[in-house]
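K.L.:
In the order they appear, the protein sequences are chains A and B. For the first sequence, my numbering gives the first residue as 324, with consecutive numbering after it. For the second sequence, my numbering gives the first residue as 18, with consecutive numbering after it.
There may be inaccurate statements among the hints.
[Said to hold, decoys possible] Partial list, derived from the structure: chain B residues whose beta carbon lies under 10 Å from chain A:
id, residue
1, L36
2, Y53
3, Q55
4, G58
5, E59
6, L63
7, K94
8, R110
9, D114
10, L116
11, F118
12, G119
13, G121
14, L124
15, Q125
The hints are simulated quantities; they were obtained by calculation from the structure and are not laboratory data. A quick note: this is a predicted structure, and the numbers were derived from the prediction, not measured. Glycine residues also receive a C-beta, built at the ideal position from the N, C-alpha and C atoms.
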Amino acid sequence: DTEVTQTPKHLVMGMTNKKSLKCEQHMGHRAMYWYKQKAKKPPELMFVYSYEKLSINESVPSRFSPECPNSSLLNLHLHALQPEDSALYLCASSQGRALRENIQYFGAGTRLSVL
Amino acid sequence: GNSVTQMEGPVTLSEEAFLTINCTYTATGYPSLFWYVQYPGEGLQLLLKATKADDKGSNKGFEATYRKETTSFHLEKGSVQVSDSAVYFCALRGGTDKLIFGTGTRLQVFP
Chain A
324 DTEVTQTPKH
334 LVMGMTNKKS
344 LKCEQHMGHR
354 AMYWYKQKAK
364 KPPELMFVYS
374 YEKLSINESV
384 PSRFSPECPN
394 SSLLNLHLHA
404 LQPEDSALYL
414 CASSQGRALR
424 ENIQYFGAGT
434 RLSVL
Chain B
18 GNSVTQMEGP
28 VTLSEEAFLT
38 INCTYTATGY
48 PSLFWYVQYP
58 GEGLQLLLKA
68 TKADDKGSNK
78 GFEATYRKET
88 TSFHLEKGSV
98 QVSDSAVYFC
108 ALRGGTDKLI
118 FGTGTRLQVF
128 P
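All chains, full assembly: derive it from the sequences and hints.
P.N.:
Structure (structure tokens):
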């Protein structure tokens, strides 16, 4: 099983709303990732959690707040977003060890629209 | 720094045609190389991988060979199907967990 589950699939929010995206995996992976993907562009890395600790923050604005409650779950809390934050948000996970075969498995994404 | 360059799309082919999507990379050391595919409205799926020079990754009729001398990882398929229509991303991973993606190549296959 190589499934990464993301909820919700679609989200529409206003600029004053607070919402959260959820990601779950049960592959025993210890690294989890958030990516943002705009239309016709490749995914852009936002955050990496390794062994439940934030290891990479790609200078993401503070209106995006990641959380890793345990090794299977990853959340992305959203607050005071802007219309330009509308995108597909992808979660991924990997074994998290420095292995050449360390493969990232992606979820189906949450399509976010900010009005 | 590390980078990946892919050919511009869209690539438009008739069913059963031969497919090549070019990918070249710049990296220090010996990166691992990947091809991911994204079908409309979906996330990314790993298509194939290669972790050292001269490795050939293959899956679902697609192949790519890790060529260190030409720093390339071109994707090929001998006979494409309509169901192969998607966006294909070449990616590399160096010494960290960070994946570096190319810009993606859209493939359109017509019956």
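K.L.:
Take the hints in turn and mark each one as holding or not.
P.N.:
These are the hints, each one checked on the structure:
| no. | hint | result |
| --- | --- | --- |
| 1 | L36 | violated (20 Å) |
| 2 | Y53 | holds (8 Å) |
| 3 | Q55 | holds (9 Å) |
| 4 | G58 | holds (8 Å) |
| 5 | E59 | holds (6 Å) |
| 6 | L63 | holds (6 Å) |
| 7 | K94 | violated (21 Å) |
| 8 | R110 | holds (7 Å) |
| 9 | D114 | holds (6 Å) |
| 10 | L116 | holds (6 Å) |
| 11 | F118 | holds (4 Å) |
| 12 | G119 | holds (7 Å) |
| 13 | G121 | holds (5 Å) |
| 14 | L124 | violated (14 Å) |
| 15 | Q125 | violated (14 Å) |
Checked against the numbered hints above, the structure violates hints 1, 7, 14 and 15; every other hint is satisfied.
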